[in-house]
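Enquirer: Below, each chain spelled out in residue letters.
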Amino acid sequence: MADEPLVLGIETSCDETGVGIVRGTTLLADAIASSVDEHARFGGVVPEVASRAHLEAMVPTIDRALKEAGVSARDLDGIAVTAGPGLAGALLVGVSAAKAYAYALGKPLYGVNHLASHICVDQLEHGALPEPTMALLVSGGHSSLLLSTDITSDVRPMGATIDDAAGEAFDKIARVLNLGFPGGPVIDRYAKEGDPSAIAFPRGLTGPRDPAYDFSFSGLKTAVARWIEAKRAAGEEVPVRDVAASFQEAVVDVLTRKAVRACKDQGVDHLMIGGGVAANSRLRALALERCEAAGIRLRVPRPKLCTDNGAMVAALGAEMVARNRAASDWDLSADSSLPVTDPHVPGRGPAHEHSHDHVHEVSKENLYS
Amino acid sequence: MLLLALDTATPAVTVALHDGTSAIAASSQVDARRHGELLLPAVDRVLAEAGLELDAVTGIVVGVGPGPYTGLRVGLMTADTFGLVLGVPVHGLCTLDALAYAADIEGPFVAATDARRKEVYWARYADPRTRVSDPAVDRPGDLDLGGLPAVGAGALLYPDTFPDARAPEHVSAAALASLAAEKLAAGQELEAPRPLYLRRPDAQVPKNYKVVTPK
Ligand SMILES: [Zn+2]
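The listed protein sequences correspond, in order, to chains A and B. So the number in this note's numbering is just where the residue sits in the first sequence, counting from 1, plus 273. So the number in this note's numbering is just where the residue sits in the second sequence, counting from 1, plus 2.
Keep in mind the hints are simulated off the structure, nothing from the lab. Incorrect hints may appear among the rest.
What the hints assert, rightly or not - Calculated pairs, SDA-like style, for lysine to any residue (alpha carbon to alpha carbon, straight line, at most 20 Å):
1) A:340 - A:311
2) A:380 - B:56
3) A:380 - B:87
4) A:380 - B:59
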């Protein structure tokens, strides 16, 4: 529909320079420039390398997105940008670009939350988000269970990793196995030919007294590394496929078990999974199996929308415009630790109070019946 | 002609509008940690002071450093993006050149800014318009400048190396704009708006395990 908000979104929280354009819940463009190859030899994302690459890639990526969408910048209804959380220096490049772009075009600016964007992107794939939505976000930077009644104003943390992100564990184990960086896709590939029950790796935080929705992958990471090192010390060959499969199973078992449990406990009948690790084939398969058994509808966007991109930021920006949320001020800052409970960074103008009223109003609804 | 000049390569967040003859509005704030927050409001303020809108700008000039990276990129990214929307040329100028241009010194001197980590960014000048060495980053203790006069916060910070340190302490976008306007009027080509980092990114290559697994 032509009267839905046309929004351009900019994402630079990590190593992808993403510029997306959406009209309401329709994806028009998803342009990405990645510096992942420059990080590969370091075995992880190097913040300064990422920031330098964002500066170089930004203008060409904006151009590419506009061409792909076939729209004119003058017709945009707003510019959205990831204000946080993420790498401080990397975020700052995107925020600087978005501010200058919005200012020069005379359009409102929306600084939005990266995690809320990961949830909102599913609107581009499966239509409007059900309210409430349970979301499992898993990537190299985050592992969280979130419950949202309104993606523009109310995102509640149910649980999160207490140490490493799930994706970090994949990178670390891939490194120990000499499989390169990033670890997710390559572990997935090897695991397909391995036996997931070959080695009983620990399931973190799954004891009866452990927090029900929090995750821990540090112990698993250490257990797998020790197991491999013991094999090597004994002069035995490391069964890479079985290790990959058993490690991956331990991760996705815990993730899906806790996500399904959160849905059941909270009476939410569907689950969305986002973030880079959502591309993992075993996670998708096991989540589907367990959701079906529990009568829960699973929503997972296509892999390209699960990893960091500009379209997810545009999707949340469009929702901000559609729901009349306050725009951000020109002194919007990049906030590397923006709390997940802040879906956006509203300005301090009069519209701000209005949007807060709405938050309180929504929060009173009983989700837990 | 209406030039918008920006520089965020040093702790100064500085913006000016220049009509080809002189700076008609300017703003400078010194805050090393808030470049990202301060720059756009400063642009807005400077335009308001001149009673103009951004689309009146016919060219942009931005300080390309050298400077600590995070702040430096704020000015460059802002300039690039303005250029994209306005369709006007974006020029780069060495931040040390703008600092030197504002110096009230006839003969040879040095311009130096704080590079943090106990280092300075610096270059030699024959006069305020003529740089005679490439911008460099060094420990002050490793430099022997024979007591030449010097300008900039980098010089003021290290009196042992720069015994004759003078004003200006900070770069101003008004000086940046005036220098750019002078060069453009003389038909000189300005630099591309690309950052002068002068340092390679800090990056630790993780220790690798011995390869036991053939790919
Ligand atoms: Zn992400």
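Enquirer: Now tell me if each hint is right for this structure.
Expert: Outcome of the hint check:
Of the pairs offered as hints, the one joining residue 340 of chain A and residue 311 of chain A is violated, with about 27 Å between alpha carbons and a cut-off of 20 Å exceeded. Proximity of residue 380 of chain A to residue 56 of chain B is assessed by CA-CA distance (about 13 Å); at most 20 Å being required, the pair is judged to hold. For the proposed pair residue 380 of chain A and residue 87 of chain B, the alpha carbon gap of about 12 Å is at most 20 Å, so the pair holds. Our distance criterion of 20 Å between C-alpha atoms is met by residue 380 of chain A and residue 59 of chain B, whose separation comes to about 18 Å.
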